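**Q** Next come the chains, spelled out residue by residue.
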Amino acid sequence: AQTVTQSQPEMSVQEAETVTLSCTYDTSESNYYLFWYKQPPSRQMILVIRQEAYKQQNATENRFSVNFQKAAKSFSLKISDSQLGDTAMYFCALTGAGSYQLTFGKGTKLSVIP
Amino acid sequence: EPEVTQTPSHQVTQMGQEVILRCVPISNHLYFYWYRQILGQKVEFLVSFYNNEISEKSEIFDDQFSVERPDGSNFTLKIRSTKLEDSAMYFCASSDGWVGTTEAFFGQGTRLTVV
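Chains as they are written, first to last, in the working numbering: chain R, 6 to 119; chain Y, 24 to 138.
No lab work stands behind these hints: they were computed from the structure.
Treat the hints loosely; a few may be bogus.
What the hints assert, rightly or not - Between beta-carbon pairs, the in silico distance windows are:
#: 1; chain 1: Y; residue 1: E79; chain 2: R; residue 2: P119; range: 24 to 30 Å
#: 2; chain 1: Y; residue 1: K106; chain 2: R; residue 2: Y59; range: 39 to 45 Å
#: 3; chain 1: R; residue 1: P119; chain 2: Y; residue 2: K101; range: 33 to 39 Å
#: 4; chain 1: R; residue 1: T8; chain 2: Y; residue 2: T124; range: 19 to 25 Å
#: 5; chain 1: R; residue 1: S35; chain 2: Y; residue 2: K101; range: 35 to 41 Å
Since the structure is predicted, the reported quantities are computational estimates derived from the model, not experimental observations.
Using N, Cα and C, we set each Cβ at its ideal position, and we do this for glycine too.
Let the sequences and hints guide you as you build the complete structure.
**A** Next comes the structure, spelled out in structure tokens:
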């Protein structure tokens, strides 16, 4: 079984500042993929960033980057230059090779304050 | 931009009744999924569907649940005899490839309330 834990139910950040959301996971798979999804209020969940476990280089997508620590089973999301539109619920998720399912964490509600 | 559409947005049903949740995935996608989120809990995987059959299902997806792709556009989740604990937000998703390497696109969800 695989698990994903997000220990920060809520966070806030001032506009233009940097914030880091934490995620830890557990899996017995040797090959797996990690994701951060964002769900703005009353909107669909959308993929923010994806990391392949066999790649040592941390993924980046514009203002979003991850700190992937494989040995520690940690996968944090850093948002730089926070914008009001970043206000959302953020979910960390995991899937193993050959699996069709995403295993989600409980989510972190991020508020960007003007 | 293409998106996954779910109807209705909110459904209230009596305990013991059958309910069908509807989803229109993105048109060229081949993989379809249902997830649910009980209030305050994690988003949980229910089932995935590929090539007109279930490819994977969770322990939650027992005999009271079924999925169908009745035509080329819709993907439905049927709950045969609803229980109070089925109250949750149900999310449909679709992808054009395996979920590890391609993005899964989610609908806005259907909030099911069983009374």
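**Q** Now tell me, hint by hint, if it's right for this structure.
**A** Results of checking the hints against the structure:
no., hint, verdict
1, Y:E79 <-> R:P119: 24 to 30 Å, "violated, 43 Å"
2, Y:K106 <-> R:Y59: 39 to 45 Å, "holds, 42 Å"
3, R:P119 <-> Y:K101: 33 to 39 Å, "violated, 45 Å"
4, R:T8 <-> Y:T124: 19 to 25 Å, "holds, 22 Å"
5, R:S35 <-> Y:K101: 35 to 41 Å, "holds, 37 Å"
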